[in-house]
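Given next are the chains, with one letter for each unit.
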Amino acid sequence: MPVDHGPHLDTPPDPFADRLSRALHRTGGAFDADRRALAAGGAARGRRKRLLRRTALAGGTAAVAAVCLGGTLLLAPGDRDDTPRPAPVAGSRTATASSTAAPVTADRMIATLKGLLPEGTVSDARGGGSGGRTAAPFAQLVFDDGKGAAALSVGLGRVAPGGDDARQLTECPDKVLAAYDACTSERQPDGSVVRVLKGYEYPDRRVDTRLWTADLVSADGAHVSVSEWNAAAEKDAPVTRPEPPLTAAELRDLATAPAWRDAVGSLPAAEEVTAAPAAPGGWRIAGVLAALMPDGVKVAARGSQDSEFAYVVADDGKGASYVQVNVQPGMSDVAGELFGSGAETLPDGTLVAEHQGPGDRGDLVMWTVDTLRPDGRRIVVSAFNAASQTTAATRATPALTMGQLRAIALSSRWLALG
Amino acid sequence: MRQARADEYAEFAAARAGHLYRSACLLTAGDTHLAEDLVQETLGRIYVSWRRVARVGNPAGYAQTVLARAFLAHHRRRSSTERVTATLPDVAAASGDATLRVTLLDALGRLPAKDRAVVVLRYWEDRSIQETADAMNTSPAAVRTRCVRALARLRDLLGEDVGEYARP
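One line per chain: the protein sequences are A and B, in this order.
Residue numbers 1 to 418, in the numbering used here, belong to the letters of the first sequence in order.
Residue numbers 1001 to 1168, in the numbering used here, belong to the letters of the second sequence in order.
Derived by calculation from the structure, the hints in this document are not laboratory data.
Check before you lean on any hint, since a few could be wrong.
From the structure, some residues in chain B lie toward chain A, with a derived Cβ separation under 10 Å [stated by the list, open to error]: (1) Ala1004; (2) Arg1022; (3) Leu1034; (4) Ile1046; (5) Tyr1047; (6) Val1102; (7) Leu1105; (8) Asp1106; (9) Arg1122; (10) Asp1126; (11) Asn1137; (12) Cys1147; (13) Arg1155.
Taking CB as the label site, the calculated pair distances span [what the hints assert, rightly or not]: (14) B:Ala1073 - A:Arg47: 16 to 24 Å; (15) B:Arg1055 - A:Trp283: 15 to 23 Å; (16) A:Gly162 - B:Ala1073: 15 to 23 Å; (17) B:Arg1055 - A:Gly287: 28 to 36 Å.
The beta carbon of each residue, even a glycine, is placed where N, CA and C say it ideally should be.
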């Protein structure tokens, strides 16, 4: 079944994602449970919740109680962290016990955005306020400085200070894993961080729609996101100009405008989340992988996303070649699934399987040597004939031979990682 | 709860419990006990606010959102270490899809909870980036980032053909 369809077409088609979607449907569809028991259990829990809520209200603990306003049941802040609010019912508005700030309206968002833009014409302005379904105010419009119509949008929200989201919004992404032309991330005098990213709407750049964004995250978790395109709409609109209208500096100034911060101030704080654990292992894995490159192969770049994965971009002088490795402990239980009857068993009990197949893009090839040590540690190394898994082929085959990949995967240096 | 409304809720819960449970099994990477718990928690929350929920356009979608948030809340309460499925999921192993199921659930179990929620919402629920962001109380940019990362990880874990080999 297609992954995206109709109005949801917001990512480029990805054959792998399609296959994943099918696999999820086949797997998920096989689970079955006693529905009546689940429904009855849910109702029993609901009755208990209701009782607890009434008790809390009677006891004066308003913050965890449900309140009624305008005839509509609204959930108090204590419930907001994991209970969504459905579409607003006419006549209702959100009240929070702790804040008396006025909600941010769509009109205010649009007016603020218009007021911050340079000379030009504005059309097709739309917006949303903090009382809407998502409680994330936004404004979007088409701006034309005389050199071509361009979509431009701003969105406000909150992220947990110091959390994973805050970090991902302000760090420049790894160039090997995301396509973009330029990125800066700078700390402002007030402690907030602004990232300006000149990227593309489509990661594979099958259409050269440029998407430039500025994301500000303040020390207390206020998030202002400004985006501009060199087309009149985000998707499926022809490019109208070589670049989006605002320069990087103008985009940054737009994101840091005090007016947005005032508006974010009226939004409820984001849920507290534990920051994702750092990946101390990842860079060590990248180091080992780089050290295991054969003579004559240079490492142009290296990186890691988590504690079990790393990559290098190898270059033997004939073009860049992306090489990745996963080092996964405790994989013995799935040995049968990973290593079928065609797998080779070495004298020490290590299982080895080799694959040579197509990559994600039509012009890519992916060569893989998969190994499983007797202690359950899986080392799987793959090499591509491109600088990443999403960019065009730079050569006919990867920079490493299957024999070299095998030597890397079977190196005893992985065992020293502990 | 008045009788008519109670009947309406009961009908809704019975009709949606199966799909909620299947979603929960994917979110929990095959932990069926946790999945049952999350579904009952979800239906319990829907019960409390049924009068309001029943008036919104898409109570089924709303229930899925409550489920995803209940799952994420559960993980926040746990330690920050990611759960790696220690035991094989307890599903009937007779079908030809058993290999795929075990491999896929194992791979899902190796994703951070939020990444897994993104994958389930995007590729099982077929939600857009924006809808996924709404459900997870996060930004579309963060969803995109998680999605790219999760797909890369799953590609590594499952292989490019993601179990097409297991097709009957």
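- Among the hints numbered above, which are violated by the structure, and what are their numbers in rising order? 1, 3, 15, 17
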